[in-house]
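Participant: Top line first, the protein sequences correspond to chains G and D. Numbering follows our numbering, in which position 36 of the first sequence is assigned residue number 28; successive positions increment by one, without gaps. Plus 43 on top of the position in the second sequence (first one is 1) and you've got our numbering.
If you are wondering where the hints come from, they were derived from the structure by calculation, not from laboratory data. Bear in mind the structure is a predicted one, so any value in this text is a computation, not a measurement. All C-beta atoms in this analysis are idealised placements derived from N, C-alpha and C, irrespective of residue type, glycine included. Do not rely on the hints blindly, as some may be mistaken.
As a list, the in silico DSS-like pairs of lysine-lysine whose alpha-carbon atoms are at most 27 Å apart [said to hold, decoys possible]: (1) D:Lys173 to G:Lys100; (2) G:Lys100 to D:Lys402; (3) D:Lys338 to D:Lys310; (4) D:Lys180 to D:Lys250; (5) D:Lys338 to D:Lys250; (6) G:Lys100 to D:Lys338; (7) D:Lys250 to D:Lys310.
Computed footprint of chain D on chain G, listed as stretches where at least three residues anywhere in the stretch have a Cβ under 8 Å from a Cβ of chain D [stated by the list, open to error]: (8) -5 to 8; (9) 71 to 79.
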Amino acid sequence: MHEMSLAEGVIQIVEEAARAAGCLRVSAVILEIGRLSSVEPEALRFCFDAVSRGSIAEGARLEIEDVPGTAWCLQCSETVEVAARYEGCPRCGSYQLQVTGGTEMRVKEVEIE
Amino acid sequence: MCVTCGCGSGDTRIEGQALDRDQPHEHTHLHADGTVHTHVHDHVHAAHGDAHHHDHGPLEAHEHAHTHADGTSHSHAHAHAGDHAHVHDGDGGAHAYRPVPAHHHGPAHSHAPGMTQARMLKIEQDILSKNDAYAAKNREMLAARGTFAVNLVSSPGSGKTTLLVRTIAALRGEMPTAVIEGDQQTALDADRIRATGAPAIQVNTGKGCHLDAHMVGHALASLPAAEDGLLFIENVGNLVCPAAFDLGEAHKVAVLSVTEGEDKPLKYPDMFQAASLMILNKVDLLPHLTFDADKAEAYARRVNPSIRVLRLSATTGEGMDAWLDFLRQGLGAARARRRETVESLQRRIADLERQLAAKA
């Protein structure tokens, strides 16, 4: 979904940070993308390449760190790992789950020169 | 272009006016020595290609990398006065330029023969943080006006506009209502809303697949301030992208019509997870369809155990009362919060005035 807008958001954040640090070039961008964040990493890569052209991050390496989805199961009273929102608890099958992790969409750090 | 949904930014128009005209924006410059830097400036230009005015920061510090004749390269920071030369892509306008002769080397500059230095810079910022900041501003503005705002999301053709027209007609005279209409193109929906007598602003997202908080902020500024009233934001018909974009609304309301599949909440879980209410629309057609309404509700609760569900038909009016009550309750709460804020501010002013009087 909307990976193009997200890629633009990433470039904006990177440019602001690079400007504040007074650097010449960004050689790598490291993102943290949760499995429940509704971001398709491959689509994001494609858009990042397109959007970074002509920016300070042109040609930068894009690293995407995968964050597993976790949820609190009300039945088990335990944190369980979930692969998707529509999947039930892997232990008891209940859908009474409160997502607790894996929704991240963050720019973690950049490598600057 | 996004490979998944084909969306991109740009071409946003509010009531036919381009959104970004005359807005402050950023430029990246490449200087002759290879330095690249970006700065923000205000822009007012009648047509691109005309001369335009820049405000540069008076002293911008930035880093340079140098390669000396002996092959050593090093980087250092220096500050210089704000006048530079640069050429804009596209407009060809060269700007007045005064190179700054002297620059300053700090004592601690480091030499690294043959290579530039790479280092990691921690950022830890949400990709949507910019949108979220605009959304927080919208929310603040709405709270100050005592407005109850709902963001209607659905696939195209689920009956959002018909539901709005019916809702506005039912609430006429009871509370002020206003609508922000989002579509890729045309002002057809805003025209339909205006025909009911309610003010409406059309936002055309162009290639964009969703409304964002920045667009909504601009639309809010052009809407007459609906004090103590309802604001409907009808999002672009799309069950995917609008899920992630907070617009400053009190609730996202997902509209699912019974002419679609009952498995939509499972197929597009993010949207039903983001919504606090699901409206099952067009229920008057249920006798003619194989749609299993109970199953649809169960699927919605599977992705979002706390979602509320209302079944209604915007065409026949069946089930509309529960929806209208939801709006009345929401607005009542928004008005009460505003009253409380105003009263507490009045108390604070009275306190301050007492203190001033005591000192005088």
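Participant: Any hints from earlier that this structure breaks? Give me their numbers in increasing order, please.
Facilitator: Per hint list: 2, 5 and 6 violated.
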